[in-house]
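Engineer: Here is how the chains run, residue by residue.
Number of protein chains: 2
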Amino acid sequence: MEIKGFSFSAVEAAIKKPGRLDLALILSALPADVAALFTTNKVKAAPVLLDEARVKSGRVRGIVVNSGNANACTGEQGMVDAIETARLAAQGLQIPEESLLVASTGVIGQSLPMDRLRKAMPSLASACGSCGFDSVAAAIMTTDTFPKMESRSGVAGGVPYTIAGVAKGAGMIMPNMATMLAFIITDAAIDPALLQKSFRAANELSFNSITVDGDMSTNDTAIILANGAAGNVPLLEGTADAAQFVALLNDLTLSLAKLIVRDGEGATKFVSVTVRGAASDEDAKRAAMAVANSSLVKTAFFGQDANWGRIFAAVGYSGAQVEQHRTELFFDDVQMVKGGLFVGGDAEMRGSEVLQKPEFTVTADLHLGEGSATVYTSDLSYDYVKINADYRT
Amino acid sequence: MEIKGFSFSAVEAAIKKPGRLDLALILSALPADVAALFTTNKVKAAPVLLDEARVKSGRVRGIVVNSGNANACTGEQGMVDAIETARLAAQGLQIPEESLLVASTGVIGQSLPMDRLRKAMPSLASACGSCGFDSVAAAIMTTDTFPKMESRSGVAGGVPYTIAGVAKGAGMIMPNMATMLAFIITDAAIDPALLQKSFRAANELSFNSITVDGDMSTNDTAIILANGAAGNVPLLEGTADAAQFVALLNDLTLSLAKLIVRDGEGATKFVSVTVRGAASDEDAKRAAMAVANSSLVKTAFFGQDANWGRIFAAVGYSGAQVEQHRTELFFDDVQMVKGGLFVGGDAEMRGSEVLQKPEFTVTADLHLGEGSATVYTSDLSYDYVKINADYRT
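Chains R and Y supply the protein sequences, listed in that same order.
Going by the working numbering, the first residue of the first sequence is number 1, and it counts up by one from there.
Going by the working numbering, the first residue of the second sequence is number 1, and it counts up by one from there.
Chain R with its partners taken away, still in its complex shape (with noise of 0.2 Å):
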């Protein structure tokens, strides 16, 4: 992956322990335009709310990322601490810092160990250059088994681009962005406001369609970066470049998301949860993840147990429009319901036997509308459990 006017650094600053990376930055050599999705919790986390604020400004220098500490729940301090760190890593770069987004994940409530950073800081600034963006993707884990990158390569107007993007999820992963930071980069040229709109609409259908827990969290945090270093002229809505861009960053958005669910806490399955014919596509998604939620067919799924009668319930209680008799229930291509019926047969075997795949669909066809939607979602199962039990001690 060559991705042009971008720079990564990683070290460690041993915030929450020592033997890892846990400190990383994503630097574009020039101005890049930004967008940026923050969580809808009312308990932000003091890096959220200062980027809030800095991306006001539309283009910025680049992200300094810690993982080991949220930097959540700490009060004034916390934010003390999050314009500092952005002003430490400024200062060894020389530039500006307010154009320095700050992003932290970890345990909430501890304020950042400052000393720590304050100490890693200078050989932040001079590994940059000498890392690849793996490394931050490397960095920025917590509970994470896995560094998750993806990259896409796109042509502008002749010009070659490219779009990267790492994350970290693992636990309370949730729709409208739990636990979880993604940060996107490209090289290509965009019009700003096309941007904003794309990355929006990509994330609707990624990093808001998976849940792991249904929890979200104080940090969560999507921002792409668009430094136009390929030499592009500026993607404008409604030419058949900029589509092509948009089809990318949808699938590059989607797959990050999809490996977040895949290694969500404890996850034995990869489960899609499609409801479609919803009277709306507000209703389906809500069904979708009134499923993907819930504990009784997420345990169900770590059982390998064809359990309709839980997915039809929590359809029943999302809130969603549903006409009981005229609902169908799916594994794959297994019909387990029909005119809200169980149709018998062998439909129990057939519907255990996808259930034992590691990767499966459910798919429920309210037969009321047009309206479709996908989410992404894990199984509960004994390691969640322990996980979570043990996380902090």
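Just to be clear, a hint being listed does not mean it is correct.
If chains are identical, the list can't say which one is meant, so a pair holds when it fits in one copy or spans any two.
DSS-like, lysine-lysine: derived pairs with alpha carbons at most 25 Å apart [claimed, not checked]:
| id | residue 1 | residue 2 |
| --- | --- | --- |
| 1 | K386 | K197 |
| 2 | K42 | K338 |
| 3 | K386 | K357 |
| 4 | K56 | K42 |
| 5 | K357 | K197 |
| 6 | K258 | K357 |
| 7 | K197 | K17 |
| 8 | K56 | K17 |
| 9 | K357 | K17 |
| 10 | K338 | K386 |
| 11 | K16 | K119 |
| 12 | K386 | K17 |
| 13 | K16 | K386 |
| 14 | K197 | K258 |
| 15 | K42 | K197 |
| 16 | K17 | K338 |
| 17 | K357 | K42 |
| 18 | K119 | K386 |
Hints were generated in silico from the structure; no laboratory data involved.
Since this is a predicted model, take the numbers as computed values, not measurements.
Please arrange chain Y on chain R, whose structure you already have, making use of the hints.
Structural biologist: Just chain Y now, with coordinates in the frame of chain R:
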């Protein structure tokens, strides 16, 4: 416990498997005033649909209830079977079939084994009066580990009366009554309008204020029968005697609801979640439910981890009005968060000590208004996963 004018029966019909009581009857010697609340799930089981119609008459003679099969998602046949169940029991008792309600709990999507029910019905009718209310409590259990029964005594106009109730729960417990059945009976005479109003209010504070896993079933039913056999002058709203009845009813339903949480699938903790200082009571309940339903919070309870950050995050995403810097959090009387910040010192240690107890309170004070609510929940343990992954196998 003595309760005038009610008799009971419980037999083995081997509905799911032999070896236990699974068919029960509650019969009033006189037509009893009835109030009832049913699941708000749009996927409703046949007995719910039948009862919703039958309670409109305002008076019934009793309830036939089975465990082992929910008669849910069973279509027209399900309704035919529910009607036949009531008819068979009514024939044996020589009472009008419309005067009996029915309730079912157990596996979804399989038709009731009517042959076995037909065979068991004569003994159900003939055994009537030979069993106690506790046999009914035993017969309605599914994954419950103990029967749930409570009674209270009051005096109205110098005449003693009794209120008694049985309930079953275990999994799929969530506000607005998840897989939960509760049958309350009283020999007090009470104005029908007051019966409706007080039962609805009692439900809101009890069965609608508990959650085990956030799921809501197709069969939830709470019914109260008041047959007036105690002989008191009917209780009228605004009197001291009525106030006593309401207090006793609230106390009884809350006790039953707490028993359901204590017996939540795999539960090792009983946790009361109180939100106070909210902008409204609705906001307080929303925030308390978000905390009580969070898988991350509940695994932390299981891990005895004083992880106030997860609680703070759940309050933040609940949709309730929250101002981070005003929020306070407590485990029992140990303050963890003040002005939105961790209090530090020995709070972590003292908070952890609270979580080692089998029963404790989590309190969030939002400092925004006068709204308050308390809900009751359990932890999320290995055994929850085990029970629900293996339930049908």
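Engineer: Does each hint fit the structure? Answer for all of them.
Structural biologist: Comparing the hints with the structure gives:
{"no.": "1", "hint": "K386 x K197", "in the structure": "neither (40 Å within a copy, 44 Å between copies)"}
{"no.": "2", "hint": "K42 x K338", "in the structure": "between (42 Å within a copy, 17 Å between copies)"}
{"no.": "3", "hint": "K386 x K357", "in the structure": "both (23 Å within a copy, 20 Å between copies)"}
{"no.": "4", "hint": "K56 x K42", "in the structure": "within (20 Å within a copy, 44 Å between copies)"}
{"no.": "5", "hint": "K357 x K197", "in the structure": "neither (37 Å within a copy, 51 Å between copies)"}
{"no.": "6", "hint": "K258 x K357", "in the structure": "within (17 Å within a copy, 39 Å between copies)"}
{"no.": "7", "hint": "K197 x K17", "in the structure": "neither (39 Å within a copy, 58 Å between copies)"}
{"no.": "8", "hint": "K56 x K17", "in the structure": "neither (34 Å within a copy, 65 Å between copies)"}
{"no.": "9", "hint": "K357 x K17", "in the structure": "neither (37 Å within a copy, 30 Å between copies)"}
{"no.": "10", "hint": "K338 x K386", "in the structure": "neither (38 Å within a copy, 30 Å between copies)"}
{"no.": "11", "hint": "K16 x K119", "in the structure": "within (14 Å within a copy, 66 Å between copies)"}
{"no.": "12", "hint": "K386 x K17", "in the structure": "within (21 Å within a copy, 34 Å between copies)"}
{"no.": "13", "hint": "K16 x K386", "in the structure": "within (20 Å within a copy, 33 Å between copies)"}
{"no.": "14", "hint": "K197 x K258", "in the structure": "within (22 Å within a copy, 49 Å between copies)"}
{"no.": "15", "hint": "K42 x K197", "in the structure": "within (24 Å within a copy, 36 Å between copies)"}
{"no.": "16", "hint": "K17 x K338", "in the structure": "neither (54 Å within a copy, 27 Å between copies)"}
{"no.": "17", "hint": "K357 x K42", "in the structure": "neither (39 Å within a copy, 30 Å between copies)"}
{"no.": "18", "hint": "K119 x K386", "in the structure": "neither (35 Å within a copy, 47 Å between copies)"}
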